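Add chain B to chain A, keeping to what the hints say.
Read top to bottom, the protein sequences are chains A and B.
Residue numbering for the first sequence follows numbering that gives the first Met the number 0, beginning at 0 and increasing consecutively.
Residue numbering for the second sequence follows numbering that gives the first Met the number 0, beginning at 0 and increasing consecutively.
It should be emphasised that the hints constitute simulated quantities derived from the structure, not laboratory data.
The structure displayed is predicted, hence computed values, not measured ones.
One should not assume that every hint holds.
Since the list gives no way to pick out one identical chain from another, each pair is judged satisfied if it fits inside one copy or across any two copies.
EDC-like, lysine to aspartate or glutamate: derived pairs with alpha carbons at most 20 Å apart [what the hints assert, rightly or not]:
#: 1; residue 1: Lys256; residue 2: Asp289
#: 2; residue 1: Lys19; residue 2: Asp289
#: 3; residue 1: Lys239; residue 2: Asp229
#: 4; residue 1: Lys256; residue 2: Asp343
#: 5; residue 1: Lys256; residue 2: Glu26
#: 6; residue 1: Lys112; residue 2: Glu30
#: 7; residue 1: Lys256; residue 2: Glu344
#: 8; residue 1: Lys402; residue 2: Glu113
#: 9; residue 1: Lys87; residue 2: Glu119
#: 10; residue 1: Lys19; residue 2: Asp45
#: 11; residue 1: Lys402; residue 2: Glu225
#: 12; residue 1: Lys256; residue 2: Glu30
#: 13; residue 1: Lys256; residue 2: Asp221
#: 14; residue 1: Lys112; residue 2: Glu181
#: 15; residue 1: Lys402; residue 2: Asp221
2 protein chains.
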Amino acid sequence: MRQVGIGIAGFGTVGAGVYKHLSGNRELLCERLGFELTVRRIALRDPNKPRPIQPPAEIVTTRWEDVVNDPNVQIVVELMGGIEEPLKLVMAAIRKGKIVVTGNKALLAEHGKEIFRAAEQHRVPVFYEASVAGGIPIVKSIREAFVASHIRSIHGIINGTSNYILTRMAQAGLSFQEALREAQEAGFAEADPTLDINGWDAAHKAMILASLSYGFWMGACDILVEGIQDVTANDIRFAKQLGYTIKLLAIIKADEKREVEVRVHPTLIPSTHVLANVNGVFNAVAVHGDVVGETLFYGRGAGQDPTASAVISDLAEAAIALESPRAQYGFTPHDLYGSCKPIDEIVSQYYLRLCVIDRPGVLAEVAGVLAEFQIGISSVIQPEAHIDEATALVLMLHDATHKQMCQAVDRLSQLSCVKKTPRLLRVETFS
Amino acid sequence: MRQVGIGIAGFGTVGAGVYKHLSGNRELLCERLGFELTVRRIALRDPNKPRPIQPPAEIVTTRWEDVVNDPNVQIVVELMGGIEEPLKLVMAAIRKGKIVVTGNKALLAEHGKEIFRAAEQHRVPVFYEASVAGGIPIVKSIREAFVASHIRSIHGIINGTSNYILTRMAQAGLSFQEALREAQEAGFAEADPTLDINGWDAAHKAMILASLSYGFWMGACDILVEGIQDVTANDIRFAKQLGYTIKLLAIIKADEKREVEVRVHPTLIPSTHVLANVNGVFNAVAVHGDVVGETLFYGRGAGQDPTASAVISDLAEAAIALESPRAQYGFTPHDLYGSCKPIDEIVSQYYLRLCVIDRPGVLAEVAGVLAEFQIGISSVIQPEAHIDEATALVLMLHDATHKQMCQAVDRLSQLSCVKKTPRLLRVETFS
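Excised from the complex, chain A in its bound form:
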């Protein structure tokens, strides 16, 4: 049986999972594929660290260069973490004509353009299923299964940590800090959860999906990113009263002019919508294409096993590509879609929570400011008895641009009846 040599750079949770399952399901993989995926070299930081899965010492190295340069390694798996060293490794592998498999979303979001340009020049495919939504084959589906469709929109819950936190806040009434601590204790949040919490992990994944869908790489400054760190238990409660659930949603859309918008932010979605019921660390991605219609994928978005599943699936394709290079190198640039819509012009509905003095005329003042900026109000609730002199006033607002809303909020916060900073969240009704 043909042997395909694999090199793994990075032996953390996912790297170890790939190694474990390549060996554990070796027989199945051989039967299905007709060749064997054999790990020939592993680069890891500390060979003396005790590990639950211990690779044979003779294939271990501490330098990724040894993986790339090993003549018996035909496919290089990059699972190191970070950006600078992985970029060097990926470019070195491509230059040597070795197929790359990576799960590094930050690397692709920041350097996708140059990586895939090099990949095309050297006719070396780069696979990256594991970079988005773990075990859910969303990259393959958009690239291959939905090839016939213009992608109208993608809505994704693609950060398990923040979904776990929001779920626990909603279900157990925890505060953000309590839920975060629980997530860390349960192993669902890292010691430094910054990128999960501030939305950038989801944003990197959204940039990958958007680029794949629309054929160009966007910059970090083209997209609107807000994290969940300021979502309060009250917001979750008020949203629920109004029939909504708050999720960290990645939204990718193209309009009739083929302008693309990409944004990640805590979002009120109707509690009856299927995405509102994706809980805990699960991920889900809804894709709407002009030909395929509405689709949705659900599964584990992180963790050793689901992510290893995605890497091994890429390895299988990579091994097939070794024998018979495909026309595609993982990303096909084209110019059917022009550019990103300026963030100021992004239109959304909004949830606006104000802390106001509880006296007659306040609503008139607030409504007056909104009217001035041409922003319509769809409903108003005063969700609780007032505390001291101040009370919460929640308004659901019709479509408005980011710019309109920023200006209106700025003006509102100058009103004498408005205490504290107004809280603004976006609403997605999928209409």
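Using the frame of chain A, we list chain B on its own:
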């Protein structure tokens, strides 16, 4: 740009959809693929029939042989319907070395073994994404994305017509006949809905998914198939009282001994389960793999556009395979899984509805019979006031084999207190 010649045999709803979208999204497809999919020949039954989409007369023929023999056709799309003629066409195309794309589930379920044997011999891939669940890329996902996983189970709502009927019965309280008529008027059921209603359409799809998952083709007599024609509005109502929703579910499982069971039947599933909330003509397939974990796919399972999306995705792969033949021919036989579990040994929980005389001692008699066959009772309800002397008695039963239950039901129907034939439905708790 390279042109790839496509021939389409069958120009009904799906065939016309493929033609329409290949042309409508031609620019997008060319950009993404780097080649053009060009329809060079179309076989249809009646060239004079007026059609919403009219192909150019010069490429139309009434004989599928013209499609297969056309030297400019490299990929043959079979969308004729029926089994005998499609089989001849597919075998003829394979013998001529032409790649086949088909959406014909009955053909594959009945002749998959010989088709893929021929495909392997002639090194010609056969693609069939459109045969299961329309726009949902479940074939590709199982074959490629989940290649690393032993498939523990698949649970699918894969017949849109029966799901529409059951949804309408549950939501509007319609009878089966009323819901069927409505489905026909809405265009969701064919004039002859037999295969949708009796479970065999779903069973054909289940056989395809099971074969793909376990590496062998099973026969129609290896699987348990019941349709929805005998589901009553009462059963739906009683199930709801007990916290369940009735769906026509395809269940595919492998146990520790790697014996495979495949069954399609109306099934009580917990109303909180995500599959219970898949309504109308939508399809959903939940796949559980040992590495990937739980996943679920949701989308339109039928209709011109979603099915055309699947066919075009296969065409794209087929065109790539023309240049660089893959190791896989659409189905890889292996013997890691032995055989199907005998139907008699299939274990399930059950819902048993009896029509009994309303007098003391009846429950004792019924329970006695069940005890005799070692079948445990988890709950009993008498869901409504009695009508005449007879009343409904509903029992939820613990795990029992098919054989045990058949024997018990047989004995129960002989009891003098039991009127009418007992009604048995299976329960799936996904535990």
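Hints, verified against the model:
1. Lys256 / Asp289: within (15 Å within a copy, 44 Å between copies)
2. Lys19 / Asp289: For Lys19 and Asp289, only the inter-copy Cα distance (13 Å) is at most 20 Å; the intra-copy one is 40 Å.
3. Lys239 / Asp229: Intra 17 Å, inter 40 Å, cutoff 20 Å: intra-copy only.
4. Lys256 / Asp343: This pair counts as within: shortest intra-copy Cα distance 17 Å, inter-copy 60 Å.
5. Lys256 / Glu26: between (51 Å within a copy, 16 Å between copies)
6. Lys112 / Glu30: between (36 Å within a copy, 17 Å between copies)
7. Lys256 / Glu344: This pair counts as within: shortest intra-copy Cα distance 13 Å, inter-copy 59 Å.
8. Lys402 / Glu113: neither (33 Å within a copy, 63 Å between copies)
9. Lys87 / Glu119: Intra 17 Å, inter 41 Å, cutoff 20 Å: intra-copy only.
10. Lys19 / Asp45: within (19 Å within a copy, 58 Å between copies)
11. Lys402 / Glu225: Within one copy only: 16 Å inside, 58 Å across.
12. Lys256 / Glu30: between (48 Å within a copy, 18 Å between copies)
13. Lys256 / Asp221: Within. Shortest intra-copy distance 17 Å satisfies the 20 Å Cα cut-off; inter-copy 54 Å does not.
14. Lys112 / Glu181: neither (38 Å within a copy, 52 Å between copies)
15. Lys402 / Asp221: Within. Shortest intra-copy distance 15 Å satisfies the 20 Å Cα cut-off; inter-copy 63 Å does not.
In summary, the structure is inconsistent with hints 8 and 14 from the numbered list given earlier, while agreeing with the others.
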